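Novice: Single-letter residue listing:
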Amino acid sequence: MRFSIDVGSELELKLCQAVLLYRNDHGNRVMATVHGVVQKEADGTPLLGAGQLLSTAALRELARQLGTSCAAEYLPDHVVARTPELIAWWTPASIRPIFFRQGSELASVSGKQFPNPALLFVVRNGALFVRALPTNERPQAGTKLSAAPYWNINGDGAVCAGTMRTPKSLSVDSISAWQQAFFQSEFTHPGGAGRLTRRKGGTEALWKSLAGKKTFPRSVLIETEPLHEYLRKLEAAQR
Amino acid sequence: MPRLATSKQRSRTGSLTARERRSRLPRTGYLANPASLIGIPRLETAHAGSRITFGCSDLTALAQTLVEIDLATAADWIEARKTPGGLVDSVFRLFLSDHGQEIIAEHFELSLTLGESIVDTSYSDSGADSSGQLLLVLNTESSFPLGIGTLIEELERRYPGMGVALYDTLRQALYRWIRVYDDWDARNRIEQIVEWADEEEHPDSHEIPKLDQDLPERLRTRIPAESPQSLDSFPAPTEPPLKGVVDTTLELHRISQSMDRPPLDEEWLESQRNYHSLDLPLPVILLYFRPGDAVMACFDDECEYWGQETPEPNLIIPVRPTEAGSVRQAFAVLETLMRVLVLTLRIKNLIEIEDGEKAKCDSASTSEANSN
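Chains A and B supply the protein sequences, listed in that same order. Residue numbers for the first sequence follow my numbering, so the first one is 402 and each next one is one higher. Residue numbers for the second sequence follow my numbering, so the first one is 977 and each next one is one higher.
Some hints here could point you the wrong way.
[Unchecked claim] A few chain B residues that don't get close to chain A, going by computed Cβ distances all over 10 Å:
#, residue
1, 1166
2, 1167
3, 1168
4, 1205
[To be verified] Which bits of chain B does chain A cover? Going by a derived footprint, with three or more residues having C-beta under 8 Å, they are:
#, segment
5, 1072-1081
6, 1086-1092
It should be emphasised that the hints constitute simulated quantities derived from the structure, not laboratory data. Computed from a predicted model, the values in this text were never measured in an experiment. Using N, Cα and C, we set each Cβ at its ideal position, and we do this for glycine too.
Just chain A, same shape as in the assembly:
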């Protein structure tokens, strides 16, 4: 019988540099020096070498090593914004199956084909956010977004992942996997964050009425904020 552990991961890290911060009594003057590790004593105690004033270039390198950079990659047309921590893209309106949890109010229509509005997806720090788009075209910075009227979505568009299998990476290549994770997972419950649609009866009535239909009625969408404001809000909220 083989035994293994599949929980988290472990890394062995060794001290290679140290940053020392100095500040005056008033707290208005600061200096930073960076030191290499020059030698170790017999007992393994590390010693720091001579320091150098910390330069912008060194800070940039440190930030890169700490994983705040993103590799240069080709951005296809549907990518709307990209930073090391965030990627946003849009998808045109589509007809696709949607799954609802067995035993839920929408179980009777689970797996049927539904029209979906054009959507904006944003992944930030491993979390997925979704907004609906008013028109079936690439949104501009000032395009007013709408709440995505799906279950498992909060008022700010955050998707409650539940058992959704989400990709680990944040890259252009992972976009299709994120979308797949969203559409192929079961929607289990309403988001519980106020109104997400103008449709009388809320999202439940909306999706029941849309099963098998060809077009998503834009009139049921509730307008929220412009795209640039939404992206800024997401960045600020999780900083």
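Since the structure of chain A is already known, use the hints to place chain B on it.
Specialist: Then chain B, alone, in the frame of chain A:
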């Protein structure tokens, strides 16, 4: 004028006024204490490096609980290089080793994984969130064959009903903990094959295993509704190998029943089955009657399709790492499982001895008959 001349002279030699110095150096430059740039701050040994666990505080909690319930000591912690994963790993390995892992590994291809999901989590992001629960999952990569036909017939010959009672007892005891492929599975498979054959143009082209003719007679003729007689109600056989098999099967039954399988939230399990499209667990044991019989044929036919979907684990043991009772219970369950497997191996050995002796007797009878 002389003062001016003096001043100019000084400036040429590089002795600048304070005002000039500030304007030519970066803002931080005049703040720097040169001594700090060449000073060597002294650190402690612990600053040399660290092993860092990412992604799950549950493992750390489990390591702590293992120490609290005396399954690990401070020395183990140091031995494990002070890493939660190392400590947990060493405790489990020692426990398994103390409970027959070596002999089990010789015959079974089992894997026990401590994780956060019942399937491989390499695709999903476990993140840093703690769910407060870990899962020990048991999977198998092959099925251990246990032939029992000759034993059933031998017992039936001596004590009618006892062979079937042993078969039922053994099957039930094993099934409490692991999946067993037996004549019931074979019967279901045959029904399926017949159904497929009926849908095709030439149903006769399908080779359908003949299960009934391969069943020991008593099994073939028993009435389905008949409630089986319990194994311990029969007189114990006196012949050593047979007695050993019966005693060990009764012991296996007792151990198997001594503990319940860990309860799981059915709704959660069902959602996992749906979400991961889980297939039935792969059988740990193939219980057949004789080599090449219908049970084996159905098993061979069916196993070609296994692996297309992820199988459900044979056993799932939830562990709440912060709760000593839950961790103890998990080890108790594991111990029961190990004992069940070890006893199964003992039964197989005894059956082989019994089969060997019977073969010798048969051979002697044949020789005697021939000489007559």
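Novice: Would you check whether the claim that residue 1205/B is not at the interface survives, using Cβ distances to chain A and the 10 Å cut-off?
Specialist: 35 Å, holds
Novice: Three residues minimum, CB to CB under 8 Å: does the segment 1072-1081 of chain B make the cut for coverage by chain A? Let me know.
Specialist: As far as the segment 1072-1081 of chain B goes, the hint holds, because 4 residues have Cβ atoms under 8 Å from chain A.
Novice: Check the non-interface label on residue 1166/B: least C-beta distance to chain A beyond 10 Å or not.
Specialist: 31 Å, holds
Novice: Can you take a look at whether the segment 1086-1092 of chain B is actually covered by chain A? Rule is 3+ residues, C-beta closer than 8 Å.
Specialist: This one holds; 7 residues, not fewer than the three required, reach chain A with a Cβ under 8 Å.
Novice: Beyond 10 Å from every Cβ of chain A: is that where the Cβ of residue 1168/B lies?
Specialist: Its Cβ never comes within 10 Å of chain A, the nearest being 25 Å, so this holds.
Novice: Residue 1167/B clear of chain A by more than 10 Å, beta carbon to beta carbon?
Specialist: Fine: 27 Å to the nearest Cβ keeps residue 1167/B off the interface.
In summary, this structure violates none of the numbered hints.
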